[in-house]
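Enquirer: Taken in sequence, the protein lines are chains A and B.
Quick note: the first sequence uses this note's numbering, first residue 1, plus one each step.
Quick note: the second sequence uses this note's numbering, first residue 379, plus one each step.
Everything labelled a hint here was simulated from the structure, so no lab data went into it.
Even glycine gets a Cβ: it sits at the ideal position worked out from N, Cα and C.
Mixed in with the good hints there might be a few duds.
Said to hold, decoys possible - Derived CB-CB ranges, DEER-like: (1) B:Gly-671 / A:Leu-107: 58 to 64 Å; (2) B:Ala-683 / A:Ile-146: 24 to 30 Å; (3) A:Leu-21 / B:Ala-746: 34 to 40 Å; (4) A:Leu-24 / B:Pro-486: 35 to 41 Å; (5) B:Ala-491 / A:Leu-21: 24 to 30 Å; (6) B:Val-745 / A:Phe-162: 56 to 62 Å; (7) A:Ile-146 / B:Gly-422: 52 to 58 Å; (8) B:Ala-733 / A:Leu-107: 35 to 41 Å; (9) A:Phe-162 / B:Val-722: 40 to 46 Å; (10) B:Leu-677 / A:Gly-329: 23 to 29 Å; (11) B:Gly-732 / A:Leu-107: 33 to 39 Å.
Stated by the list, open to error - Within a straight-line C-alpha distance of at most 16 Å, the following computed EDC-like cross-link-like pairs (lysine to aspartate or glutamate) qualify: (12) B:Lys-609 / B:Asp-663; (13) B:Lys-835 / B:Asp-734; (14) A:Lys-65 / A:Glu-277; (15) A:Lys-348 / B:Glu-763; (16) B:Lys-609 / B:Glu-810; (17) A:Lys-348 / B:Glu-810.
To be verified - Facing chain B, from chain A, some residues (calculated, C-beta under 8 Å): (18) Phe-162; (19) Gln-164; (20) Arg-219; (21) Ala-226; (22) Arg-229; (23) Ser-230; (24) Ala-233.
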Amino acid sequence: MNTPLRRIDREKLVLGLAAPLLALVTALAITSLVLLATGDDPFHAYQVMVDFGSKSDSQVWILNKAIPYYLAAVAVAVGFRMNLFNIGVDGQYRVAAFFAAVVGGALSLPGFVQIPLIILVAMVCGGLWAGIAGYLKAARGVSEVITTIMLNFIAGSLIGYFFQEGRLAEREGNLIRTPAIPESSHFFEISTRVQPINGTFVLAVLAGVAYWVVLSRTRFGFDLRAVGRSESAAEASGVSVRRTVVTAMLLSGAIAGLVGMPTLLGQSGSYGIDFPEGLGFTGIAIALLGRNNALGMGFAALLWCFLERTGTQLEFEGYAQEIVGVMQGVIVLSVVIAYESVRRWGVKRQQRMVGEELAARARRTAKDQDKNSAEVSA
Amino acid sequence: MPRTGTTGPPARYGLPRAGPADDVPVRGECDIPASSSSAVELRGITKRFPGVVANHDIDITVRRGTVHALVGENGAGKSTLMKILYGMQRPDEGTIAVEGEQVSFRSPADAIARGIGMVHQHFMLADNLTVLENVVLGAEKAYGIGARARARITELSEAYGLAVRPDALVEDIGVADRQRVEILKVLYRGARTLILDEPTAVLVPHEVDALFGNLRELTAEGLTVLFISHKLGEVLSVADDITVIRRGTTVATVVPRETNPKALAELMVGSELPVPETRESTVTDEPVLTVAGLHLTGLDADGVARDLLTGIDLTIHRGEVLGIAGVEGNGQAELVEAIMGIRVPDSGVITLDGADVSQAPTRARRVAGIGYVPEDRHRHGLLLEAPLWENRMLGHVTERPSSKGPWLTARDARADTRRIVEEYDVRTPGIEVTAGSLSGGNQQKLIVGREMSHHPKVLIAAHPTRGVDVGAQAQIWDQIRRARREGLAVLLISADLDELIGLSDSLRVMYRGRLVADADPATITPEELGTAMTGAASGHLEHGEVPAAPAAPAVPAQAAPPAPDDAAPTPEAQKEGDR
């Protein structure tokens with residue numbers, strides 16, 4: 001009984017390592033080929049990237065940049081775990097950041113009250129915005145893919161309506177922005193020898209831990225995963241699929257609401273025309289890359305930012321700027337394909353081992369029973 | 379390789395065999411060398427298959443022009459073997475010979491080219507096409523799609539007495555007719571050897587008789603039929619030879635006249651069977667589950683509102699097994715879902731142990747003591763990609779040992795899964811393997827073990843032993859009987875009439891969403907029950923009572939009232955009557 005079980009466990013580990021390794025090697029090989037095809041030296045390019053990426057200011061840049069990416073990935077992953085494709089993280093975090101900025105700019109409470117309040121407003125706004133899609137899915141069966149994409153556009157228009165002088169924004173020189181959040185309500189920073197690290201790093205870590213604990217250690221997480229694996233079986237087991245859909249969308253949206261916080265509370269202090277867009281879509285890629293795993297998404301976010309950071313340097317070295325985009329795409333594809341093939345191979349192998357084990361056992365008992373059956377048929 | 383079976387002279391028990399050319403010579407030993415008298419020969423087939431039971435050392439000789447039955451527990455490897463023969467799987471070792479010639483199939487297309495066709499257990503027909511279109515689909519090259527194809531279909535249909543109507547829409551015809559279309563499809567593609575995978579599972583008794591009539595016509599014309607089943611009575615009545623498969627290998631080949639169901643069953647499980655009949659009533663007068671005035675309407679495929687359940691009243695007492703008989707699709711699934719709270723009925727009261735649970739959600743009902751063995755374990759009973767211990771939590775995640783407060787207690791759940799695996803004889807190398815890699819019987823034992831572990835007051839068991847081997851079946855019956863002795867109330871829904879009669883304390887017949895008749899399982903016969911299932915009888919069924927009408931026409935598998943092909947006897951129904 002024990003031996004095959006241990007073998008399966010050890011296999012799990014080997015398979016777990018095989019997939020990322022396979023993906024990395026494949027991605028490197030393909031990228032090298034692309035570079036070679038364009039007449040460039042791939043190894044020099046990698047050299048440049050590693051050298052530049054390991055500089056301490058690059059490290060801080062990568063870390064800071066990874067925070068919103070990671071939060072976006074977690075938001076997407078909550079949906080993925082129950083087969084919901086929340087493409088609307090982008091709209092959700094922008095709506096959340098905008099209204100959080102408005103609330104933050106209108107108040108001047110002590111920081112320890114106002115910061116949590118701003119974050120809460122962002123989470124509520126993000127949650128509600130995603131909740132619309134959740135409600136439509138649960139009540140009317142509308143695909144969340146469609147509604148979240150449409151809500152992204154509606155989010156843009158909604159912000160555009162309020163984001164005007166005399167409404168919720170004000171003019172500051174040539175720029176229009178929401179009233180600035182008081183300095184006391186900015187998030188703390190962790191200072192280093194170079195630039196400081198954004199304190200919202202803590203927020204990302206907390207979100208990651210909460211994601212892991214809730215999904216794999218709680219009843220609610222079990223229900224959510226059960227729905228993701230088989231809606232019909234979950235329903236029959238007593239999970240209210242509709243309620244779980246709405247809750248998961250609310251949760252996903254609430255985490256999406258955090259995506260704008262590093263920028264709002266750490267850098268800009270207000271929502272302006274230059275507020276970052278498209279973080280939600282990067283989040284999808286990172287969730288895929290990290291296989292919806294709390295730790296994996298962390299590494300994925302860092303890798304992504306490493307590529308973004310070093311890509312700029314490649315330009316100085318005469319490489320085409322687009323090569324980084326190619327690399328990112330190739331990596332996502334390699335990872336998804338590698339994981340899926342390794343998973344399938346693992347399942348097959350496991351089944352074969354189960355089969356062999358039982359066949360061997362059957363053969364042993366069959367020997368004993370041959371005598372009996374001989375008597376029976378005689 | 380053990381081969382303990384009897385190998386007698388050719389078997390021909392009064393079956394009409396008007397076949398002109400293919401008169402089979404007297405058979406000698408079972409292990410005769412490849413000769414043209416055998417349609418198919420499998421020698422030493424071994425398959426290390428992704429699944430629980432591997433095939434090993436399979437030897438089968440199928441004589442041309444016979445019905446050869448393959449019986450065995452589910453999970454014993456019958457279906458795998460047929461997939462190998464049909465080119466869907468390749469064997470790791472062993473040889474296949476068709477008409478004496480060694481072959482190697484890479485795909486079903488190769489098998490079809492060699493004249494081997496398969497009728498799957500689940501029909502593969504396009505509902506919105508006609509019979510003709512379904513038959514021609516994918517085989518357009520053979521006879522075109524016009525008059526030539528029609529002529530060929532009519533010719534085949536008449537030659538083998540299949541009586542199909544080429545222009546009927548498949549969605550309008552009954553289950554038995556669909557099966558005949560499947561057989562025709564295979565014949566149309568030039569098959570000389572037909573594999574039928576559990577063909578009787580979906581049929582009521584008189585449809586089974588009609589099917590067997592068709593099979594005899596096929597063999598009379600020199601065709602060969604490989605018939606997979608685990609219903610021993612049927613096998614004994616239709617087969618010329620029977621090969622028994624146990625735990626992945628052939629253990630015996632016997633002829634029906636020299637064996638009996640009991641001996642055959644014992645060959646299948648490899649040990650003496652427990653006797654299913656001995657019973658003493660444990661029924662009390664303490665109602666546990668009461669359903670009163672249950673009414674449910676729903677939309678059918680065309681979006682028309684129809685009554686799915688009408689005026690259902692039933693009471694199950696402590697220690698009672700209430701069996702519901704009926705052709706599938708007459709509202710049994712809806713009744714189960716209404717009791718489980720998965721469907722919301724329009725009206726009616728469901729009372730569990732004195733408490734009204736009509737409005738309670740599914741989870742509350744399960745916690746209150748309703749155990750559930752669903753009809754379709756893959757869709758409703760298991761998370762196939764999840765390990766066994768997570769499946770142990772499914773449906774009971776709010777209870778010990780799955781969780782404490784909001785937190786999962788994986789360690790306790792794992793320990794309890796090991797206990798279930800041990801106590802319920804779930805054959806698996808461990809609890810970390812996924813539920814999907816177990817065989818059907820073992821999956822079902824896990825589900826039954828899981829539900830019983832929470833000591834339900836009432837167990838809703840929908841087809842608890844469907845697709846389950848004889849050994850597991852006996853174990854599941856034992857579990858139900860033991861729990862019944864301890865006061866469990868059981869609602870048993872089954873298509874297996876022997877199971878219903880053998881296990882139930884009282885029987886109700888469901889027809890088109892109503893409970894139309896009741897019967898005493900101690901006196902009723904499967905035939906009488908089968909007749910009542912077609913709607914031909916109502917009220918209290920007495921043994922020996924002459925049913926109101928002779929064998930009713932083919933019953934459409936739908937609960938919906940006015941169905942066109944039910945109103946007047948169709949040509950083939952009359953034909954069946956004549957037979």
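Enquirer: Hint by hint, note whether the structure agrees.
Expert: Hint-by-hint comparison with the structure:
1. B:Gly-671 / A:Leu-107: 58 to 64 Å: 59 Å Cβ-Cβ, so the 58 to 64 Å window holds.
2. B:Ala-683 / A:Ile-146: 24 to 30 Å: holds, 28 Å
3. A:Leu-21 / B:Ala-746: 34 to 40 Å: For B:Ala-746 against A:Leu-21, whose Cβ atoms are near 51 Å apart, the range 34 to 40 Å is violated.
4. A:Leu-24 / B:Pro-486: 35 to 41 Å: holds, 40 Å
5. B:Ala-491 / A:Leu-21: 24 to 30 Å: At 44 Å between Cβs, range violated.
6. B:Val-745 / A:Phe-162: 56 to 62 Å: The hinted range 56 to 62 Å is violated for B:Val-745 and A:Phe-162, with Cβ atoms some 47 Å apart.
7. A:Ile-146 / B:Gly-422: 52 to 58 Å: Roughly 56 Å apart at Cβ, these two residues keep to the hinted range, so it holds.
8. B:Ala-733 / A:Leu-107: 35 to 41 Å: violated, 51 Å
9. A:Phe-162 / B:Val-722: 40 to 46 Å: holds, 42 Å
10. B:Leu-677 / A:Gly-329: 23 to 29 Å: violated, 45 Å
11. B:Gly-732 / A:Leu-107: 33 to 39 Å: violated, 56 Å
12. B:Lys-609 / B:Asp-663: violated, 35 Å
13. B:Lys-835 / B:Asp-734: Holds, at about 15 Å.
14. A:Lys-65 / A:Glu-277: holds, 13 Å
15. A:Lys-348 / B:Glu-763: holds, 12 Å
16. B:Lys-609 / B:Glu-810: violated, 34 Å
17. A:Lys-348 / B:Glu-810: holds, 15 Å
18. Phe-162: Since chain B brings no Cβ nearer than about 39 Å to A:Phe-162, farther than 8 Å, the hint is violated.
19. Gln-164: violated, 45 Å
20. Arg-219: Holds - the Cβ of A:Arg-219 comes within 8 Å of chain B, reaching about 5 Å at its closest.
21. Ala-226: holds, 6 Å
22. Arg-229: holds, 4 Å
23. Ser-230: Hint on A:Ser-230: holds, closest Cβ of chain B at ~5 Å, below 8 Å.
24. Ala-233: Result: holds, 6 Å to nearest chain B Cβ.
Checked against the numbered hints listed earlier, the structure breaks hints 3, 5, 6, 8, 10, 11, 12, 16, 18 and 19; every other hint is satisfied.
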